[in-house]
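Once you've looked at the hints, dock chain B against the given chain A.
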Amino acid sequence: MGNTDRKLAAHLARRAGFGATQDELDFYESFNYKDLVNHFLDSHSVNHVSDDLIYRRHPNIHAQLTHNPMYWAYRMLTTNSPMQEKIALFWHGIFATAEPKINNFGAINNQINMFRDKGLSKFDEILIELSKDPAMIVWLDNQTNHKNEINENYGREILELFSMGVGNYTEQDVKECARAFTGWTIGNSEYMALMGAKDSIWPYGRIFWHFEYDEKDHDNGVKTFLGETGRFNGEDVIRIICKQEATAQFVARHLYNYFVADEVPVPQWGHVPPKDPSAIDYLVEAYRQSEYSIRETLRVLFNSEFFKQARFTRVKSPAEFIINTLRCTGDYQVIDGSDNTVYQIMEDSGFMGQKLTNPPSVEGWHTGEEWITSGSLVDRVNFVTKYITDENNPGVGNMIARVADRITDKTTPDQFLEICISVLGELDLSDETYDALMTVVEHTLSVEGSFTSSTASLVTKVFQIVSSSKEFQLC
Amino acid sequence: MRYVKSIGLNSNQQIGRGFNHPYDIAFSNNERIYVLNRMYPQSTDGIRVQICDLEDEWYGEFGHGPGDTNDQFMVPVCIDFNSEERLFITDESHHQIKIFDRDGNFLEAWGKGTSKLKDLNSPSGICFDSTGNVLVAQQFNGNVIKVSAEGKALLQFGESGTTQGKLNLPWGICVDDQDNVYVADWRNDRIQKFDREGGFLGTFGESGRGEGQLSRPSSVAVARDGRVIVADWGNERVQIFDKGGRFESILQGQATLSKWALEWLDVNKDELNARQTSDLEIKNLPAHLNTPYHRASQTEHIFWGPVSVKIDDRQRLYVTEHSRHRIQIYELD
Numbered sequence: 064m065g066n067t068d069r070k071l072a073a074h075l076a077r078r079a080g081f082g083a084t085q086d087e088l089d090f091y092e093s094f095n096y097k098d099l100v101n102h103f104l105d106s107h108s109v110n111h112v113s114d115d116l117i118y119r120r121h122p123n124i125h126a127q128l129t130h131n132p133m134y135w136a137y138r139m140l141t142t143n144s145p146m147q148e149k150i151a152l153f154w155h156g157i158f159a160t161a162e163p164k165i166n167n168f169g170a171i172n173n174q175i176n177m178f179r180d181k182g183l184s185k186f187d188e189i190l191i192e193l194s195k196d197p198a199m200i201v202w203l204d205n206q207t208n209h210k211n212e213i214n215e216n217y218g219r220e221i222l223e224l225f226s227m228g229v230g231n232y233t234e235q236d237v238k239e240c241a242r243a244f245t246g247w248t249i250g251n252s253e254y255m256a257l258m259g260a261k262d263s264i265w266p267y268g269r270i271f272w273h274f275e276y277d278e279k280d281h282d283n284g285v286k287t288f289l290g291e292t293g294r295f296n297g298e299d300v301i302r303i304i305c306k307q308e309a310t311a312q313f314v315a316r317h318l319y320n321y322f323v324a325d326e327v328p329v330p331q332w333g334h335v336p337p338k339d340p341s342a343i344d345y346l347v348e349a350y351r352q353s354e355y356s357i358r359e360t361l362r363v364l365f366n367s368e369f370f371k372q373a374r375f376t377r378v379k380s381p382a383e384f385i386i387n388t389l390r391c392t393g394d395y396q397v398i399d400g401s402d403n404t405v406y407q408i409m410e411d412s413g414f415m416g417q418k419l420t421n422p423p424s425v426e427g428w429h430t431g432e433e434w435i436t437s438g439s440l441v442d443r444v445n446f447v448t449k450y451i452t453d454e455n456n457p458g459v460g461n462m463i464a465r466v467a468d469r470i471t472d473k474t475t476p477d478q479f480l481e482i483c484i485s486v487l488g489e490l491d492l493s494d495e496t497y498d499a500l501m502t503v504v505e506h507t508l509s510v511e512g513s514f515t516s517s518t519a520s521l522v523t524k525v526f527q528i529v530s531s532s533k534e535f536q537l538c
Numbered sequence: 020m021r022y023v024k025s026i027g028l029n030s031n032q033q034i035g036r037g038f039n040h041p042y043d044i045a046f047s048n049n050e051r052i053y054v055l056n057r058m059y060p061q062s063t064d065g066i067r068v069q070i071c072d073l074e075d076e077w078y079g080e081f082g083h084g085p086g087d088t089n090d091q092f093m094v095p096v097c098i099d100f101n102s103e104e105r106l107f108i109t110d111e112s113h114h115q116i117k118i119f120d121r122d123g124n125f126l127e128a129w130g131k132g133t134s135k136l137k138d139l140n141s142p143s144g145i146c147f148d149s150t151g152n153v154l155v156a157q158q159f160n161g162n163v164i165k166v167s168a169e170g171k172a173l174l175q176f177g178e179s180g181t182t183q184g185k186l187n188l189p190w191g192i193c194v195d196d197q198d199n200v201y202v203a204d205w206r207n208d209r210i211q212k213f214d215r216e217g218g219f220l221g222t223f224g225e226s227g228r229g230e231g232q233l234s235r236p237s238s239v240a241v242a243r244d245g246r247v248i249v250a251d252w253g254n255e256r257v258q259i260f261d262k263g264g265r266f267e268s269i270l271q272g273q274a275t276l277s278k279w280a281l282e283w284l285d286v287n288k289d290e291l292n293a294r295q296t297s298d299l300e301i302k303n304l305p306a307h308l309n310t311p312y313h314r315a316s317q318t319e320h321i322f323w324g325p326v327s328v329k330i331d332d333r334q335r336l337y338v339t340e341h342s343r344h345r346i347q348i349y350e351l352d
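Quick mapping for you: the protein sequence lines, in order, are chains A and B. In case it helps, this note's numbering puts the first sequence at residues 64 to 538. In case it helps, this note's numbering puts the second sequence at residues 20 to 352.
Treat each hint with caution, since some may be false.
[Said to hold, decoys possible] Label-pair ranges, simulated between beta-carbon atoms: (1) SER226/B x VAL109/A: 54 to 62 Å; (2) ARG228/B x ASP68/A: 46 to 54 Å; (3) SER167/B x ASP89/A: 51 to 59 Å.
[Stated by the list, open to error] Taking beta-carbon pairs under 8 Å as the criterion, some of the chain B residues facing chain A (in silico): (4) LEU28; (5) ASN31; (6) GLN33; (7) ILE34; (8) ARG57; (9) GLU103; (10) ARG105; (11) GLY253; (12) ALA280; (13) TRP283; (14) ASP289; (15) ASP298; (16) LEU299; (17) LEU308; (18) GLY324.
It should be emphasised that the hints constitute simulated quantities derived from the structure, not laboratory data. Just so you know, these numbers come straight off a predicted model, no measurement behind them. Note that CB positions come from ideal geometry on N, CA and C, so glycine has one too.
Looking at chain A on its own, in the form it has when it is part of the complex (with noise of 0.2 Å):
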């Protein structure tokens, strides 16, 4: 039998998810919360809506011929398995691809692929179907490394930004890696990357890529590598990579930094020490224990103490925001071919400062505090308190039913309050929010003299109240 506090439950969903609806907190309960870790991580039967339906409303999706992050918002907003995407997000902010340069977005939907379906397993995996992936070798112009000319680009990257950080490595060792990795390009590399810099569409639309490894461009020459020696190609590269301490301690501050709660941005780890170092230590000891599984880190965080008592310390990026809200009022579930609102909708999360598959550097974006400006505070509540106050959105109904079912005559504005706050989402809220929602609540008790007379108006008052809080900005 389950016996899952709500409330963790709820912050596991917004950590390992988009949040969850009162209905799936339902079902989230009746686990033991270790067996609620296992199901978010261990999903098997993964269930959304499926391509063929989105293709078939949308043909610009299936043809990839233009910036369209629609098909991975819907599959955001409908999958039974939120942990897929959500890694997806967490490597897309450190594997930042962006579709200006390479004008090829099959490739990029290729990559959010990969990421799905490799992002939990073990870390030098990952790294190799990250070397391998054309718009990542595009990206970083790897088609022009070769033999007899190294590009090092991708060789510098994968190092300061995708592994070890600045500091830990030297200049030689990024020549060296480089070298690595000539040989690693993209099939009819000249033709591709031609078309992707002209942004050509033409004569029948984009061509997606696909890696090739060409053997005669590939530099096998000795290369001394971290203190190692050999012929090393990609792989061992990579090998040589994933067992520096450098390696591990990054891995666990981004898993840190994503799942448990915000670090300063990435750019001053070198010189801003972690925010819990022993939590650090922790998830290094399980990277290695479990042979630099994300999986297996993750399943140790999750079930971390430090985890559990990290209510509510991160800043939800836009998509998160955006994501949690609609699937928290149950909007966009079918597929309408004549409805482009989301494709609007994540051009809204670019206003509020993510644009997806459209990060703003090989940096990825800048996280916690520095998601909320006061332009993009206003867009985030213009967008909330658009869908959450209206009653016609099934999961807004379904949230005032909750609350309607809970109420009597006798119900007071504390229960009330609480009531409302848990149907919300189990949040935590600070004693200014409370108090303006107090002042609210007992003025239409005054009036109305009870709370079920006029439940849904009231209800959708104190969801836009305290959507517009800062409170809820977090997860």
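Only chain B this time, still in chain A's reference frame:
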């Protein structure tokens, strides 16, 4: 089956020559081809019908969208001429059939908000029987309606479901020379055959990627000799069945550069030169990309999004590909 040529060129413009997600075609008596373009969300103004012919001449266009006025579309799906040269276009979002003359002048609309077929629901495939009646597949109702040339409902058959005679999001539709009706039963991965009164006659195809198996068939056409041509959309191919529904062969596509494509490359020599030194015949793909969709997305000459199959009166097969923005043409043996 002999490959003849390809027509088309991708275009991201809202006017002018070039296709953007072409979805279906129709033939007029003066041997012109009417191509229905869906466009994409950021550029829906370009939803339109373009007119060209087999010799690559381009004659113009009409019917810009999106919108609710008479000559506008929202989500157009299928297109066909009747024997009176009236051009019928279904719109699944408007729940309407819009009718134009062959010059693109709007004549009338049937369906939601009109005086005829007010209950029309999400129409997709459309065709005409030998007496001039109109047959329309209704996706969400899972049925087919027969309508007189004047727009009066005559008959309805089929219902949503998965058992024989029931339909799941039907798409394309056609008739043979006996006025038997063939429906691309899209989400049931099969073709279903009904007689002219809607009586169930048979079914063929099943889910899968093998010979004779189908994945989300979107269109069906019957040749003069009775062979049934199916746009096996989800498998990115066309399949040919005999008149009894037995598998005959697969058409994977073998497009060449169209006249319009050659003209475009002629003024973009850098791409032409890079193209000529490339090997666009993809031989091996990694396991996770070895699916019909990914093979088609990386191999320019094979079908990608073969959404419509139509046969002209000279028994030439036209395969419209929404993701390659072209039409491949074959001569039926």
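Structure-based check of all given hints:
| no. | hint | in the structure |
| --- | --- | --- |
| 1 | SER226/B x VAL109/A: 54 to 62 Å | violated, 19 Å |
| 2 | ARG228/B x ASP68/A: 46 to 54 Å | holds, 47 Å |
| 3 | SER167/B x ASP89/A: 51 to 59 Å | holds, 53 Å |
| 4 | LEU28 | holds, 5 Å |
| 5 | ASN31 | holds, 6 Å |
| 6 | GLN33 | violated, 13 Å |
| 7 | ILE34 | violated, 17 Å |
| 8 | ARG57 | holds, 6 Å |
| 9 | GLU103 | violated, 30 Å |
| 10 | ARG105 | violated, 25 Å |
| 11 | GLY253 | holds, 6 Å |
| 12 | ALA280 | holds, 3 Å |
| 13 | TRP283 | holds, 5 Å |
| 14 | ASP289 | holds, 6 Å |
| 15 | ASP298 | holds, 7 Å |
| 16 | LEU299 | holds, 7 Å |
| 17 | LEU308 | holds, 6 Å |
| 18 | GLY324 | holds, 6 Å |
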